[in-house]
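Respectively, the protein sequence lines represent chains A and B. Each step along the first sequence adds one to the number in our numbering, with nothing skipped, and position 119 is 119. Each step along the second sequence adds one to the number in our numbering, with nothing skipped, and position 199 is 199.
Just so you know, the hints here were simulated from the structure itself, not pulled from any lab data. Check before you lean on any hint, since a few could be wrong.
Computed cross-link-like contacts, DSSO-like style, restricted to lysine-lysine with a CA-CA straight-line distance of at most 30 angstroms [what the hints assert, rightly or not]:
1. B/K420 / A/K175
2. B/K420 / A/K191
3. A/K59 / A/K181
4. A/K305 / A/K82
5. B/K77 / B/K306
6. B/K420 / A/K152
7. A/K275 / A/K305
8. A/K219 / A/K275
9. B/K183 / B/K148
Distance ranges between label pairs, derived from CB positions [stated by the list, open to error]:
10. B/Q414 / A/F165: 17 to 25 angstroms
11. B/T70 / A/I27: 43 to 51 angstroms
12. B/Y225 / A/V43: 34 to 42 angstroms
13. A/V43 / B/V101: 53 to 61 angstroms
14. A/E316 / B/V101: 42 to 50 angstroms
All residues carry an ideal CB built from backbone N, CA and C; glycine is no exception.
Residue strings, one per chain:
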Amino acid sequence: MADRKNHSFTSNFNLRRFFYHICLFIIPVIGIYTTLELTLRSVPFEPKVKYEYYLKNNKKIEILALGASQTERSINPEYLDKVGLNLANSSQGIYANLELFKFFEPRLPNLKLVILGLPYNSIQRGPDFTMMEVHHYNLIFYGVNTFGRSIKPQDYLLLHTNPDFFSTRLMNFLKDESPIKLNQQGFDTNKVYGSYQAVDFKINRINREDIYIENFRNKQALQKNKNILKNFLSYCKDQQIKVLFYSPPSHSLYNALRDKRMIRERDNLIKDLKKEFPSIEFFNEEKNEAFTARYFYNANHLNPKGARKATLRLNEFIRENYNFR
Amino acid sequence: MLFNSFEYAMFLPSCFVLYWLIGSKKIRLQNLFLLIFSYFFYGFWDVRFLALIFLSSLVDYAAALQIGNTNSTRKKKIYLWLSLIWNLGVLFSFKYFNFFVDSFITAFNLSGHQFGYSSLNIILPVGLSFYTFQTISYTIDVYKNKIKPTPRLLEFLCFVSFFPQLVAGPIERSSFLLPQFLKSRRFDIQAAKEGLRQILWGLFKKIVVADNLAIAVNALFGNPYDYQSWELAYALTLFYFQIYCDFSGYADIALGSAKLFGFKLHVNFRLPHFAASIPDFWRRWNITLSQWFRDYVHIPFLQHRKRNIFNRRIALIITFGLIGLWHGAAWTFIAFGLVHALYMIVYQTYDKKIKRNYKLNKFVFFEKVRILSAITLSFTLLVLSIVFFRAPDINTAFLILSRIFSFIPDQDFQTIINFKILFLLGMLVMEFFTRKREYPLQYIEKKFPRAFRWTIYYFFVYIILRYGGPQESFIYFQF
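Model the full structure from these sequences, guided by the hints.
See below:
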């Protein structure tokens, strides 16, 4: 008769016991995970500080900088005459940047200039170039979906994205040992110790093979980015927002490793865009020899000292070329 | 919906609760729910795939019924061929069409003629090779009178689409899985606990071991020109363990999930890296697939021919060539299969006297050495063959092999994933010492008190959440 017994969820003792044990087991896991996730939200991540800065200054912000890590590390808005917000982030591709622009532009009533970092290989990077952490940052701290797909519930979790990275950040925060020191604009003024300082800025001690450079040509991405940029420029033209393409300084060792065809493709793209949108400017600092090894964190990223110098030069360029009231 | 995804973590408990809420008396209702869950699971990838799996199921269901209902051998043959043409046609159209057309055009162009054609953009439905093989075996078994065709459409649809094993196996036979849908399934707390433990072990293998190994493998294979002998040999070894942990981890999650619903599936892996020969390897690796090819390709080929050496070798070449091709529409996979055919032929020729089975706890010292040497040799051969599995083309595969055999030492050898390599070693040690079990955590309840067991579970949960690699799709899903 045992076979005839109805083993439904409510009547089966074993099933209820099983379910009870599962809950007993899983509740602490969820509890600890949620606590960690919430604690992680109190860590002053760069996008969080930048967003707080934006909330305080959104009516005053006149300059918005976008781009990947090179732009992030080269523009310290503290040294701009005008109030600026630098939303550039490590490996943040063009698509993600322009999604951020779409979100922030209507919320910045005084926005006059958008600086878009277009270093050497940026236009040949596809949508998968942007690191997952960056997408999560953008969603959690800015509320912008840059994933290029619909949002999933787990996208709101940080720890799950890169447990290694976020655990370290969390531990540093809890021990108050974070090497990151952000100014009120969210720029890390303590990011000094890179591969260049490790060799005391003596370039003859830098191993050329250790310089990371992406010399991957990607025609598909190039075409796609071109279309995205065109749409972006048309929009900016309609809104009377100026656009400045910017390529930050990179070290001569890095420059020597670049693929000439890729440089040409980038420059040709900008030329083509300029024909259609004459108001755009391109400020190319890649080969500026005033930036010696001492200004670099590594071959293509400036240290805070270099960022100060680069931002001041950029400020000068803006002052000379744009007449903001 | 991947087994290691957040979606599956929501989907599985929801299905579990709904399924058992119905109660075991209402078998058909339970089956209907299983079918809905399975179609939802499959449609989550692409809703369009549902039409294909439904149509394929219908074709085989109808063909098998017709075969069973007629006494005419000729008619039986016609229905069998209709089913085979449909199944192989679908497989060919979705999986192999571009490959064969491209290969044909390349061969045509080599003869000096130019033939312009651009490949079609065909999406390969997930798990197509797995469920197609399952339905083919059903129709053939009905044709051979091994089983009776089922008149129960709902149960047959469940058999084809049962979500734990739908997209990457094990490839189940109808004689084993189909009856399970027809009988009452009672909730068995022990089986359910075993299921959860097996899922936990599978997640550990996939998320912690395979996904971390993938970082090193992708870095090394990303640019093989930059690496020398040891690093490439290391990359190949890691790749073997990556696919092992990926696929067997998937199988563990599949078996564990099935247990939660009162089903049993076949074990698909039995420590293949401890195989003492290549034939032994194929009795331990993707077991259900190897058995499928044995029963539906190799044996039928020899059945109608003289069992001389020539025919036996031809049978091996065909079987392994097809096993290679099953894995993917590329020459590299065919090469992988053919290399294994070669291994099998060499083994059959020179190594007949080597005992296939061994028991590690019974032999004396010299026997141990012999077995250890056999395991090492088999593993080396296996790892060398796996290059064809990973390399994007045959040329790169040979380049990697030539660099490995150049024996040029690497200046600064790095593990790339640092201490995370220890997870692999830990897993191997655990699997070795629990080799008689289905998975290391099996029967843990009999040995340890609850507090200790839960500590172990929490430890694994912690390792998975803390040291999990970047989410990679299951390698075998692409097949």
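Against the structure, the hints come out as follows:
1. B/K420 / A/K175: Satisfied, since the Cα-Cα distance of roughly 25 angstroms is no more than 30 angstroms.
2. B/K420 / A/K191: Holds, at roughly 28 angstroms.
3. A/K59 / A/K181: Holds: A/K59 and A/K181 sit about 26 angstroms apart, inside 30 angstroms.
4. A/K305 / A/K82: holds, 20 angstroms
5. B/K77 / B/K306: It holds: about 24 angstroms lies between the C-alpha atoms, which stays within 30 angstroms.
6. B/K420 / A/K152: Measuring from Cα to Cα gives roughly 29 angstroms; hence the hint holds.
7. A/K275 / A/K305: The given pair, whose Cα atoms are some 36 angstroms apart, is violated under the 30 angstroms limit.
8. A/K219 / A/K275: Cα-Cα ~21 angstroms, so holds.
9. B/K183 / B/K148: holds, 16 angstroms
10. B/Q414 / A/F165: 17 to 25 angstroms: Once the Cβ atoms are compared, 20 angstroms apart, the range 17 to 25 angstroms for A/F165 and B/Q414 holds.
11. B/T70 / A/I27: 43 to 51 angstroms: violated, 59 angstroms
12. B/Y225 / A/V43: 34 to 42 angstroms: holds, 41 angstroms
13. A/V43 / B/V101: 53 to 61 angstroms: Because 54 angstroms falls inside the window, the suggested range holds.
14. A/E316 / B/V101: 42 to 50 angstroms: Cβ of A/E316 to Cβ of B/V101: about 60 angstroms, so the range 42 to 50 angstroms is violated.
Going down the numbered hints, you'll see the structure goes against 7, 11, 14, while the others check out.
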